[in-house]
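Protein chains: 2
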Amino acid sequence: MNINGRHYRTIWLGADGWSVEVIDQTKLPHRFETIALRTVEDAARAIKTMQVRGAPLIGATAAYGLALAMRADPSDAGLDRAIPFLAAQRPTAVNLRWALEEMRRVLAPLPSAERTAAAYARAVQICDEDVESCRRIGDNGLALIKEVAARKKPGEPVNILTHCNAGWIACVDWGTATAPIYRAHDAGIPVHVWVDETRPRNQGASLTAFELGAHGVPHTIIVDNAGGHYMQHGQVDLCIVGTDRVTRNGDVANKIGTYLKALAAKDNGVPFYVALPHTTIDWRLDDGRRIEIEERPADEVLKMTGRLPDGSVATVEIAAPGSPAANPAFDVTPARLVTGFITERGVCPASEAGLLGLYPEQRRAG
Amino acid sequence: MNINGRHYRTIWLGADGWSVEVIDQTKLPHRFETIALRTVEDAARAIKTMQVRGAPLIGATAAYGLALAMRADPSDAGLDRAIPFLAAQRPTAVNLRWALEEMRRVLAPLPSAERTAAAYARAVQICDEDVESCRRIGDNGLALIKEVAARKKPGEPVNILTHCNAGWIACVDWGTATAPIYRAHDAGIPVHVWVDETRPRNQGASLTAFELGAHGVPHTIIVDNAGGHYMQHGQVDLCIVGTDRVTRNGDVANKIGTYLKALAAKDNGVPFYVALPHTTIDWRLDDGRRIEIEERPADEVLKMTGRLPDGSVATVEIAAPGSPAANPAFDVTPARLVTGFITERGVCPASEAGLLGLYPEQRRAG
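Protein chains in written order, with this note's numbering: chain A, -17 to 348; chain B, -17 to 348.
Since the hints were derived computationally from the structure, they do not count as laboratory data.
If you're wondering where the values come from, they're calculated on a predicted model, not measured in any experiment.
Hints may contain errors.
Since the list can't tell identical chains apart, any single copy or any two copies may satisfy a pair.
[What the hints assert, rightly or not] Heads up, simulated DSBU-like pairs for lysine-lysine below, C-alpha to C-alpha not over 30 Å straight-line:
id, residue 1, residue 2
1, Lys135, Lys248
2, Lys285, Lys134
3, Lys248, Lys9
4, Lys9, Lys285
5, Lys30, Lys128
6, Lys30, Lys135
7, Lys9, Lys128
8, Lys135, Lys9
9, Lys135, Lys285
10, Lys134, Lys9
11, Lys30, Lys285
12, Lys30, Lys248
13, Lys30, Lys134
14, Lys128, Lys285
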């Protein structure tokens, strides 16, 4: 999508043809900076410190990270070292594991000398596939927005609530949850997005608001506490969120607080959709209770970074001195609260049967 | 309760015998400062800018504010001017209206010359009654905590989640939601409090954590998004929150986000109690849908105040530049999600019948 009139993806090959460039998302929305990843350690650090984040982008970065690893050491030992090293950087998003397994599938059978070129080629493909998946998610979600718009008075916006950032900067382009929103906006359907700020890291206020603003989509930032109130008052037509992992039964791991919004949507009859590419589905886990939930540093809760009046960026301690904090990064929304999944293959119910209807190749041998 | 070993109430008469002193809660937890209110305008500003906040303390401040008004102009005109002026400062907490109506009841029949002394006397009484109410709320809630503790292994803490600050600094002393917690802690029952930070003004992280820490009660600050996750994982035994207004049918207006926690409590079988004195009950409103919800400035969402590394206090802009924000301050939790009310007269179901069981004098003439 566009930033200052220039089209960006979130990850691309550098002008040297081998280093990998990404937008440093820890600097947004205060600074727009890109960084070059030149080693597998750079890629790992970018994932761990959330310079790149969002399940699909984590997968894409891991794929490129493995290409960087192959460049340094394309041996079997190099492959066996790099894959678990990258996999260990974040535990919850299954796209990370998916991308690394896909890279191993492609690279393991090859002679060492061919692995680097093959790794770059597959990483490029993974990124292109993600863009195409998100574009199709956009098409499939657009149909849902059109249905709501058809019931509105002319000019009245469709109000969509989203949590965290499942936007184009969480993916390679388009986004998952945002793809239908961008498609609708570009098609001239009036949309307005309630952007949950998404504490503690404020990816909503920092990233979703940033990218919606850059694209000209009307939106309003609200605290995470407010969405239920707006649903009670008929001011939310639709919720669309992304996910870090969907289990076989349709349970949804996503940014902490997603579960609360899903409860409120259910209580108020607001459709609650989860947008995802197939790479986010964990076919091996039967239900969400077994998903590992990442515990992140307490400082993310106790401190906040922003712009001082002089434009410089500073971090302030916001809580009572000496009080401890806990910081679980994700929660699991049970499938029963999810209206449906918006995938690159279509929209389906949040259930094993629903998912298998779209992905019949994942049926277990009977 | 104690701050740095000294006992404080939140509001008291100054050494001059007529000015009113309060803790400036907008400075907490970064600075502990008290301010003197010398005019009705001072009192109004303290309420409006949330130097004092919390439904019972707003009521107490309004009572003293009226005493200050009488000191300047005890005429009927003065009374008729000061009461609506103070009432207009915050719309949601019904204690404000209650305190002003109570003051009018006492003052209106008196000759002007007697009003100032009578106003101070009733304001002092209102504060003392609030302390006594909160103490009894503590006793009544303590019984609930004891029940949970009895099912625990020895030494295992009772985990209580609270939202916003319904602590002693929201009242005159003890607090509403916190009173049972302080009583349990003081009685040697191990308790641990999950403190919702409570965006946008962070009264949980700033005030509840501050006062629990000052009293030595174990607690952990969490973002507002996290409570549902902890309830799903059996780590919350009980929710206790305060309220700004309870309607006749048992609906509960409280800090924005309370509704989401009540939904999660219901979904996980966690008891959800609301602690309140009778002054918070609006007997004239049949249900919560008609409660006016205060919309506060967007800057509360878009900016955050905290301590810089050098100890100075600064405000930073945290969101994407140019993005608008909305800021509803309260939401309404339907009575069906509330396990019960903890009042100074006992614990009752969240219903008209439940409330009338404790307050039979409020039965409507049949």
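Checked hints:
| no. | hint | result |
| --- | --- | --- |
| 1 | Lys135 to Lys248 | within (25 Å within a copy, 36 Å between copies) |
| 2 | Lys285 to Lys134 | neither (42 Å within a copy, 34 Å between copies) |
| 3 | Lys248 to Lys9 | neither (35 Å within a copy, 39 Å between copies) |
| 4 | Lys9 to Lys285 | both (15 Å within a copy, 17 Å between copies) |
| 5 | Lys30 to Lys128 | neither (38 Å within a copy, 43 Å between copies) |
| 6 | Lys30 to Lys135 | neither (46 Å within a copy, 38 Å between copies) |
| 7 | Lys9 to Lys128 | neither (35 Å within a copy, 48 Å between copies) |
| 8 | Lys135 to Lys9 | neither (40 Å within a copy, 47 Å between copies) |
| 9 | Lys135 to Lys285 | neither (44 Å within a copy, 35 Å between copies) |
| 10 | Lys134 to Lys9 | neither (39 Å within a copy, 46 Å between copies) |
| 11 | Lys30 to Lys285 | both (19 Å within a copy, 27 Å between copies) |
| 12 | Lys30 to Lys248 | neither (34 Å within a copy, 35 Å between copies) |
| 13 | Lys30 to Lys134 | neither (44 Å within a copy, 38 Å between copies) |
| 14 | Lys128 to Lys285 | neither (41 Å within a copy, 35 Å between copies) |
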